[in-house]
Each structure stands twice: as structure tokens, then as C-alpha cells.
Amino acid sequence: MARYGLRLLYGVIVVWGAFTGAFFLLYVVPGDAAGGLTAGADGADVKQLLAEQRELLGLDRPVWVQYWDALTGALQGDFGESIYQRRPAVEVYFESFPETLKLAFLGLLLAVVLGVTLSVVIELTNWKWARELLISLPPVAVSLPPFLVGLVLLQVFAFQLHWIKAVNDPSFGGLLIASAALAVAGGGSISQLLTANLRGALTSPYVETARNWGLSRFDVVVRHALKNAALPVITSLGTTVGVMVGGTVLTETVFSRLGVGRLVVDAVDGRDMPVVLVAVTISAVIFVAVNLVVDAVHPLLDKRIQWDG
Amino acid sequence: MQPLPLAPEPIERKQQVVFSYRPRHWLTAVGATLALLATAACSGSGGGGQSEAAADVAKKDRYGGTLNIGLSADPGGVDAAVVNQVWRTVARALADSLVFYNPKTKKVEPWLATSWTVSKDARTYSFELRDDVTFHDGTKLTAKVVKANLESLNRPGIHSSAKTIVQGISKITTPSEHKVTVQFAEPNAAFLTSLSRAYVGIVSQKTAELPVEKRQKWLDGSGPFYLEEYTPNQRIVLKKRKDYDWAPKYFEHSGSAYLDEVVYKIIPEDSVRNGAVIGDDELQFIYWVNAKYVSQLEGSGMTISKTLNPATGLELPLNTSSKILKDVRVRQALQIGVDREQFVKIASGGVDQPATGPLSKDNPFYSDQSELLKYDAKKARSLLEQAGWTKVGSDGIRRNADGERLSLRAPRDDAPLQVLQDQWKKLGIELVLDPPLAAEANEALLSGKYDVAYWYASSPDPDVLRANYGTTDGSDRSFVADDDKTGKELDKLLQEQNQTIDKDKRQKLVDHAARILVEQAYEVPVSNDVDIWAHSPRLHDITPVGLDQYLINAWLAKK
Amino acid sequence: MTTLETEGATEAGEAATPMSPSARLRRRVGLRPRPPGHGDRRRWAAPLRSPGLLAAYLWIAVILLAAIHPGLFAAGDPLRQDGSQILLAPGADHLFGTDDFGRDQFTRAVWGTRLSLQAAVVAVAIGLVSGSLIGLVAGALRGRADSILMRIIDIMLAVPSLIVSLAIISALGRGTLNIAVAIGINSTAGFARLMRSEVLKVSNAKYVEASVFAGHGYVRRLFKHVVPNASRSVLAAATMDIGTAILTVAALSFLGLGAPPPTPEWGLLVAEGRTFIGVQWWLSLLPGLVIVLTVLAVYRVGRSFNRGRTRVVA
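Going down the list, the protein sequences come from chains E, H and L. Start counting the first sequence at 456; every next residue gets the next number (the working numbering). Start counting the second sequence at 260; every next residue gets the next number (the working numbering). Start counting the third sequence at 9; every next residue gets the next number (the working numbering).
To be clear, the hints were calculated from the coordinates, so they are not data collected in a lab. Any given hint might turn out to be false.
Here are the simulated EDC-like pairs of lysine to aspartate or glutamate, each with C-alpha atoms no more than 20 Å apart in a straight line [stated by the list, open to error]:
1. H:366 to H:663
2. H:465 to H:436
3. H:708 to E:500
4. H:476 to E:536
5. H:473 to E:500
6. H:685 to L:90
7. H:684 to L:154
8. E:502 to H:732
9. H:399 to H:468
10. H:751 to E:500
11. H:685 to H:663
12. H:473 to E:750
13. H:476 to E:500
14. H:685 to L:85
15. H:744 to H:586
16. E:620 to H:539
17. H:319 to H:539
18. E:502 to H:511
19. E:620 to H:586
20. H:438 to H:368
21. E:502 to H:520
22. H:638 to E:674
23. H:476 to E:546
24. E:502 to H:396
25. H:501 to H:472
26. H:685 to H:635
27. H:684 to L:90
28. H:708 to H:689
29. H:524 to E:536
30. H:473 to E:507
31. H:638 to H:586
32. H:473 to H:586
33. H:406 to H:391
34. H:438 to H:410
All chains, full assembly: derive it from the sequences and hints.
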């Protein structure tokens, strides 16, 4: 139990570190919210506007006071108001969060389905040329700029085929196309990893045994090798989720969807500290939680490791 | 939330610096010939350009429908008094102004005020108000409400230009229920024109009294539409007010607006906005369209209309205190080293107009300085040599006797600046494009670290020059040095013009100031920009006034 | 969380290490710790047997040549604007068409090669060097130092990389090198974890244990056996990450943080051309194709390095 206590403590340290790091990173970067707020003031006395806003926003206080306020506030769940939207930053964040979650989750699902199918097909293909071709698909998928994939999908499905609306289609179809844009790269990397692992697994004594039993190639690949090869893929999903959440900003922009990605980019650009801190804290918590879960679940899943000794 | 909409419009251009969604904007159209531009398109043609074709649809059949408008970024709020970016769109539909600036006659006409008087010294303005105007919340327009409005704009937290307009007011009195008098400490000839802008849209007493941060999200005005919903980064929904009946005469419109509903959708990607207005009727209107998309949009049957910006356009204040630009010869070389014809061709597909002075032709006090703005590369080179930039390095950039490179910095990196960069490079001048991010833009620009600056102030009044270049009372965009006698003279002229009501006298002052600005190259006027709108053929009669969009006459043909 | 992983990094603990999928691919498939100096000959013979691999090597050679001497492929000036040549379709005069300034897009793509590769290599080098050092120190020292270093790495992973990139670029100012620095810092954590787990794994390997029995000292053991073996997978990961870095530069350009104009750079070309995708699709898709081919070639070559190991199955 003590071991879990220590892990929890580590988790808390990581979240605190992320919070503090983000605060000071944003603080030392030139510009502040007062600058963002007054940007574009048309012909006005900008200097005075800046000073006034700085005072109103409390940005003229010493940095340690600002940090202490932010930290103690955050500990009580109060991150303050978004400077641009003038409502609680937590509210702003959680309005977009489900949208991003939906997008990332469906994207991940698609990525897994695409990736696994492709890998199995590759493993089952005998003809050398077809196999070479298939095997080059995952790297192609990974090497496509994600925003370009989104724009092309949009051109095809919205402007040519008219299956979905171009602007923030709320239907499932719209969500599906948007997450497909996200899934291309994810599917590619899952397939790359899985293909490599499948090969490894096919040489293992475990599969060798299965093959000696006279099972068909399909059975060997799908029933036995896949099971073992999938393990590292599953444990890497945590990272893939992270990569996807990072990728959502591009997808959200292209598909004009509300989402955390866009929110965070705007918040960093506008130095909207409360929103940035909420975003950082939440993602740090997710990171810690996912790793804790993976860590706890892993020994249960990985029978082979014990089996191997 | 974005503080800084990328939505293409002059002000936002600065932002864009910032955000640098570079190729997006304001570049303008390939389509039309210059002649066409000069006549019909250029002067904010009242009533909308495309009305003839649809004139046979009876007015009573124009009612109904939802107009969808694409915005490139969230404006960050709905009230122009509080937020810088919405003056031309949402805010204009929600709140009316006391007076209306007629783009055809270039005169100020009645709107919420039926009549007014201006004292000879341009210090006292009194307005007689309409007595039949109500706000969306049902309250009536009275002198007290106007007083509350003007006062509410001059308080901490207001960070738009609204504040500049009301600053200097010494006293507001309300002699009767529908009469209001505004007194200034100093003469202010620009006040009436400024009042016509959406910044000073009149709102209900309750809205005026709201804390600034509330006004950002909510507004109760007397406009033809009211705010139904505002979801940041997604959409802004306006609904029509059935009891509206006080549109300016200019629109020849009685009663409520035709449209039932207006939805502004925030769509960051250019290609998506373009696609959405072309296909499937998802949008019926986009504005400040990049000229490079015009052929594509026209080819798909969209209607394109163009409006000349009444203020300036691309004008670059030069930092006259900077190490290199202290020398007037280098500044003059920059001035005549711009091939403005070629510039508009590349930067805007020939839609924008080459600048002929510090003010646009659409400004009532336009001053023609085109003689001083002719492209002359030879003379520019010789000016540079006289200034000591004689050697040309292997990189094509000039150097002086000390071996310093002739390198200047500018705070934007969008298409126009890239074109200038290319043109000046031919003279041996390096222009480094180094845009600051939004949040640091103001400070970076104020610090004087840029040689070539960019600010934007749009107003159909010549006082915009004082606001930009005045030193005693103005923003001193060209960093006039203390020992600069010409700069002092310029400032005097700029201050004087805003204290002069007589039109001819004022014009003379403006002419003189404009000449100094150009000749001594305190600024480089490059082009007057033309705002391109693209709409679906179903949409008619959306009316430009200056760069504002008036939706009162807009109507949608049935599908 | 791997942070919490116990010392002797089992396969399991190590598998949980978040790192780029490409990185794990290599590790899994290929570069398992092995005694050095074996199998190199076969690697260099490989290209001759596989046309795909040969093509990949050729493409990389072409790209490198373009980076060193762009004039060889496109003699024109990548910055030359021409008001009469705006947005032309691809043709004999303009292989990739012209952009909205009338500049030749092919010339820009060719001249952009150097900057793109530079950015990618610098980014990966920063991540590789700093990450490997941290990982090596952590893996070698273990104990408290390991614990502290890994917490720092966790914190780096916990802050969304996008925020870090945006902040770094706004602090340093825009510029391809600054972008590379931002990307490099972001990939540090991944390399650190990879290096550390490799070091732990290699330290436990049989031949290293044998070296312990042989009485070699700790530092000697580290540099003689652990570092060379661990670096192999880390270096392979770095090769693969070059492709990822090129893409990240493109994504940052999309967000408006690309190379400052007028300098051409691949990612910037794709990002800027995208606004014309409805009609002038070639403006972004053709430079995009160059990126895809390059990343693909890099991956193909990287895969061939792993072949020696998996040939039995293949």
C-alpha cells in the first residue's frame, strides 16, 4: 500500500510541477493579457489603456503574489475568470472539453480499428508486391500533415459529396469525418507498432507451439500472435491519446468545432492565464491518472511476461 | 475567446500580425477593372449594388429567412464600446447611433438625433432626440440615457476606441427629456463623425450601467436586431425586432428589417469559409475576402461587391527617431521606392487602389499628394547614396561607411509587407518582418523598436491623421524627435484642423499637413484598401457604409 | 505510470513508457541489446536487393543534394515575385505552379529543403542530446537522482507540448531555428525515457553481467557496453523522429508560427497553400507530397536497419 501512496505523491508533485512550470513559462514570455485585450485599439491612447487594464487585471502585482493567488485559488477549484470571456475559466474549459473528448475518443477508436485491420491484412498477405505496398501505408499515413488530411476530407465529403456540413456539423457523420482526419496518423502509428510486434510474436516459442498444433495461418495470427503483439500497443494508447489531444487543435480549426485545442492555443496567444492553468492542470491530472491505471493494470494483462519468467 | 480576431479588416490586420494567419485577408480582388472600381464600386454605393436585378421582388415579399454570415474569428464580445473588433458587423446591427454618416453625400445625417447644433468653437454640441425610440428591453430613449451612455464609455476597463471619442467631454447636460448637450474642454471638430460609428452605438440605461465585463457578452440596444445567443468561438445569433421603425433616411426603409434572424458563424479556415458560401447554402455572406479567392467565388456564381475604405488603408508610419530613418533621405527613398501600381497588383490582385495621399479618396477631406508618391527607383537609389549607403554587399543589401547594413524592421509579415520587402530589396534595403504576438503587440510597437510600424485607425474624418501623428494630442506614431522642427509644425497643423469648423479652412490645414506627412515621409501611404464582400445570389441589399455592414435592407430570395 | 516504475525496468514497465510509437517499433523489432560488431555487412547489401529501399536511398540522396546545392534543381530565385504570374497551374514552366505572389512553387520547394532539413535535424539533435544525457544519468545513477530526474521528465510530459511550443516560440521570436528548439525541447522527455529504459535493460543483460563477473569497473562497464548498446535504439528513434519533426514544423506553420517570410520552408508552403485547396490544390498538395516522400524514405531506410533481426519471420 505504501507503494501506491508514494505513487500518488509523485502524481501530486507532477501536477503541481506542471501548474507551476506553465505559470512561470507564460509569465516570462513577453506580452500579457492586458496587451491582448487592448490589441487593435483603434487610434486610442494605448499606453494608458494598457496601464489601466493591467491594474484592473491585477497584472501589476508582484509575480509571487500572482502565483500564490493562482495556486491557492486552484487548490480550491477556483482558477479565476477567463480574461476574454469574462466567466469562470473552469466553465469555459469544460464547455469545450466534451467536444474534444468525443473527437479524440472516436478518433482513437477509428485509429485502433484501422491500424489493427491493416496490420493483420499485412501479415496475411503473401504476395510480395502487395505486401510492400501495404506495409508502406502506415508510414504514409503518419507522414501526412494532419491539417491537410482534414482539409482534403472536408473538400471531398462536404464540398464534393455534400454528405456533411462544412461548418461544425453536429451530426454523427460530421463527427466521424472529423475524427477520421485525426485517426489517419494514429492508425498509421498503431499499425506500424503492431506490424513490428506481430513479427516478433510470430517467432516466439509460444506461437511456434500454436503453429505446430497445425492451426491455420489466420488463426495463428489473429488468435495467438495478435493477443501478445497487442499488449505494448495497448500500453502505448495512453501516449497516442496525448498525441491525439494535441492533434485536435488542427482538426477543430479545420472543421470549425468547439474544442479544448483551439481554446488553449487562443489562451496561450492571448496570455489568458486562468484558462491556460485549467488546461494544464487537467491534462496533467489525466496524464497522471492514465499512467497510474496503466501501471496498475499492466501486470494483470501481461501474462506472458510472468510466463516467460 | 480570441482577443484578436483574424477577421480581416484593417484593425485586425494588425492583429493578424500577430496571429499571422498570413495569406488570409485583405488582399483583394482579381475580378474587376479599375474603371469599374473607380465608379460604381468604390463609394459604398447606398442601397447595395445588386438591387436592380431583384428590384421586381415586391418589398412585402422580402420578409423572412435566416442570414448566415461567416466570421474568421470570434470577435471576443458583441459590444463595440467594449470590444475592438465588432464595430463593423454584429454591433452595428444591435445598436443605433445618434447620427448617421451618409457615404454618398459625406455628410452627417439624423438618426436617433433628429437635429443638432454645433457651436462655432466646436466645443458645444446639442442634440434633439427622437421621441419614439425604444430599446429591446422596452425602455425609451431619453436624454438621460444618452448621458449615461457617453459617461459609461469614459471609465476604466473600456479598452476600445470608444473611449477616445468621449475623452475630453467636460460636461453633459439634459435640458429636457429629449435634448442633450455635450461640452468639450477643447475644440473637437471630429466629434459628430465619430459619433456615427458603432463604437458609440446607444444602448439602454441598464446596459450602459453594466460593468464592462458584462457588456462584453450582452447588449440591449435600439437596433433592428437583438442578441439572442452568443456562444464564444461558435456563433452569435441575432433576431429581428418587430417594432423597429427608425432606420436612417438613407436606407429608404420603414418598419422592421426583412430578415428574421442573422447567425454569425465562426469559421477559422479560409477555404472552409469560401466553400461554405459556395456550396449547400450554409453561409450566404462572407466579408473582407482575400482578392485571390474572387475568381473562384465569382466562377461559382457568388455576387462580389467592393467598398473603398474611407480612412486610409495600408499606411506605414516611419519611426523618425530610429537610427537609420532619422535621415529624411532614407525615408524619402522608401517613399518613392514603392511601386504602388505593382504593389496593388500582387498584394491584392489589382483591387486595392494605389495610395494618392494619407487619406482615402472616400474621405471628405481627401488631399491629393500623388505627385510625391510616384515610383522613382533611380532617385530612390541616389537618395540612399547621398545618405551614405553607398556600398552594396554580396547579399544585395546596402552598407554605409561603418559597414552597417541598411536593415529595417517591421511588425507584420502578411502579404502586403512581403511585397514591400521584395520591392525595397531591389533598392538594397532589407526589411525584416518580425511580427510580435497579439499580447505583446501594443508594447512592442510603442517601444520604438520597429523602424516601419503599423497602426490602424479608421474614421471617415481627417482627424484620424491627428490621432495617428499628432504629438501633443495624438499617438505620435512616427516618433517625432524633440528637435524635429518640421514635426512640430506638422503637429500644429494637425491640432488646428480639429479646432476648425469652417470646411475650406479645415481642408487647407489638412492639405498642408498631408503634404508634410508625405514629402518628409513621416509615413508611407501605400494603398487604399477595398473591402470585398462575397454573397450568395439569394442575398440582396446588404449595405456598406464605410466598412460597416448594415443589415436593415438585406433580404433573401426564396430558394 | 512509468514514473512509478520500479528499478529493474521489466519489459512491462518499459512498455508503458510513453514515447513515440515509431520509437517503440524500433525497439521491439529490432535493436535489442546485442553484442556490438555483428551484422553490419548485411545491412549495406540490403538496398541492392530491394527496389523500394533503393528508391528510398535515391530519394534521400536527391533531397540532400537539393539541400546542399538547390541551384542544381531550380536555378530561379525562390523569392522573385511576379504580378503577371499569380496562381498559375502546374506546367512545364512551373512544375508546381505559382503561388499568390507569382513565385515559382517548385523553386520554393527546392530552396526550402535546406531549412526544413536543418530544422528537423536540429530539433531531433536537441531532443536526442539533452534527452539521452538525462536518461543516461538517471539510468546509471538510479536512486534519488533517477527519481528526481524522472519526475521532471514527467512534468515535461504532463504539460501539453503545444503550450510549451507556443510559449517558447513567443519567447524566442519566430524563426525556423527557434521552432526547432521548441520541438527539440518537447521531444527531450521521450528520448530521456527511452535512453533510461535502454540503459536499465542493457545493464541487466547477460553479457553485461558477465562483464561484472569479469571484474570491470562501473564506469568502464557503462561506456563499454551499456552506452553503445543503448544508443543504438535511441539513434534509430532519432532517425525516425526526423520525419515527425518535419510534420511538427508544418503544424506550427498552420498555427501561424512558421518560418518568417519570405524564406521558403516545406511546412510553410503546405500551410500557406492550404487556403487555396478548393481550387489551386497543387499549392499545398505538391509540397505535401515532397514531405510524404521524404518521411517515407526515412522510415523505409530506418526499417531496413531493423531487418536483420526480423528476417527470420519475414
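Right, here's what the structure says about each hint:
Annotation: proposed proximity of residue 366 (chain H) to residue 663 (chain H) is violated, straight-line Cα distance about 51 Å (limit 20 Å). Taken as a hint, the residue 465 (chain H) and residue 436 (chain H) pair is honoured in the structure, with Cα atoms around 17 Å apart against an allowance of 20 Å. Taking the CA atoms of residue 708 (chain H) and residue 500 (chain E), the gap is near 18 Å; set against the 20 Å cutoff, the hint holds. Between residue 476 (chain H) and residue 536 (chain E), the direct Cα distance comes to roughly 14 Å. Compliance with the 20 Å bound is thereby established for this hinted pair.
A distance of roughly 23 Å separates the Cα atoms of residue 473 (chain H) and residue 500 (chain E); the hinted pair therefore is violated under the 20 Å criterion. Only pairs whose Cα atoms come within 20 Å are accepted, and residue 685 (chain H) paired with residue 90 (chain L) is accepted, the gap being roughly 13 Å. At roughly 54 Å between alpha-carbon atoms, residue 684 (chain H) and residue 154 (chain L) are farther apart than 20 Å, so this suggested pair is violated. At most 20 Å may separate the alpha-carbon atoms for a hinted pair to count; residue 502 (chain E) and residue 732 (chain H) meet this at roughly 13 Å.
At roughly 15 Å between alpha-carbon atoms, residue 399 (chain H) and residue 468 (chain H) fall within 20 Å of each other, so this suggested pair holds. At roughly 19 Å between alpha-carbon atoms, residue 751 (chain H) and residue 500 (chain E) fall within 20 Å of each other, so this suggested pair holds. Pair hint residue 685 (chain H) plus residue 663 (chain H) holds up; C-alpha atoms about 18 Å apart against a cutoff of 20 Å. Straight-line distance between C-alpha atoms of residue 473 (chain H) and residue 750 (chain E) comes to about 47 Å, which puts the hinted pair past the 20 Å bound.
Our distance criterion of 20 Å between C-alpha atoms is broken by residue 476 (chain H) and residue 500 (chain E), whose separation comes to about 24 Å. For the hint linking residue 685 (chain H) to residue 85 (chain L), the alpha-carbon distance of about 13 Å falls within 20 Å, and the restraint holds. Restraint check for residue 744 (chain H) and residue 586 (chain H): satisfied, since their Cα atoms lie roughly 14 Å apart, inside the 20 Å limit. For the hint pairing residue 620 (chain E) with residue 539 (chain H), the CA-to-CA distance comes to about 8 Å; that is within 20 Å, so the pair holds.
Proposed proximity of residue 319 (chain H) and residue 539 (chain H) is contradicted: the alpha carbons are some 26 Å apart, above 20 Å. A hinted pair counts as satisfied when its Cα atoms are at most 20 Å apart, and residue 502 (chain E) with residue 511 (chain H) does not qualify at roughly 43 Å. Of the supplied pair hints, the one linking residue 620 (chain E) and residue 586 (chain H) is violated, its CA atoms being roughly 57 Å apart against a limit of 20 Å. Of the pairs offered as hints, the one joining residue 438 (chain H) and residue 368 (chain H) holds, with about 17 Å between alpha carbons and a cut-off of 20 Å not exceeded.
Proposed proximity of residue 502 (chain E) and residue 520 (chain H) is contradicted: the alpha carbons are some 40 Å apart, above 20 Å. As the CA atoms of residue 638 (chain H) and residue 674 (chain E) are separated by approximately 83 Å, the hinted pair breaks the 20 Å bound. In summary, the hint linking residue 476 (chain H) to residue 546 (chain E) is supported, as the alpha carbons are separated by about 15 Å, within the 20 Å threshold. Between residue 502 (chain E) and residue 396 (chain H), the direct Cα distance comes to roughly 36 Å. Violation of the 20 Å bound is thereby established for this hinted pair.
For the proposed pair residue 501 (chain H) and residue 472 (chain H), the alpha carbon gap of about 29 Å is over 20 Å, so the pair is violated. For the hint pairing residue 685 (chain H) with residue 635 (chain H), the CA-to-CA distance comes to about 12 Å; that is within 20 Å, so the pair holds. Note on residue 684 (chain H) and residue 90 (chain L): the hinted pairing holds, with a Cα-Cα distance of about 14 Å set against a maximum of 20 Å. With a C-alpha separation of about 16 Å, the suggested pairing of residue 708 (chain H) with residue 689 (chain H) holds against the 20 Å cut-off.
With a C-alpha separation of about 24 Å, the suggested pairing of residue 524 (chain H) with residue 536 (chain E) is violated against the 20 Å cut-off. For the given pair, residue 473 (chain H) sits about 18 Å from residue 507 (chain E) by alpha-carbon distance, which is consistent with the 20 Å threshold. At roughly 16 Å between alpha-carbon atoms, residue 638 (chain H) and residue 586 (chain H) fall within 20 Å of each other, so this suggested pair holds. With a C-alpha separation of about 49 Å, the suggested pair residue 473 (chain H) and residue 586 (chain H) falls outside the 20 Å cut-off, and the hint is violated.
A threshold of 20 Å between alpha carbons decides the hint, and for residue 406 (chain H) with residue 391 (chain H) the separation of about 18 Å falls inside it, so the pair holds. The hinted pair formed by residue 438 (chain H) and residue 410 (chain H) meets the criterion: a straight-line CA distance of about 16 Å does not exceed 20 Å.
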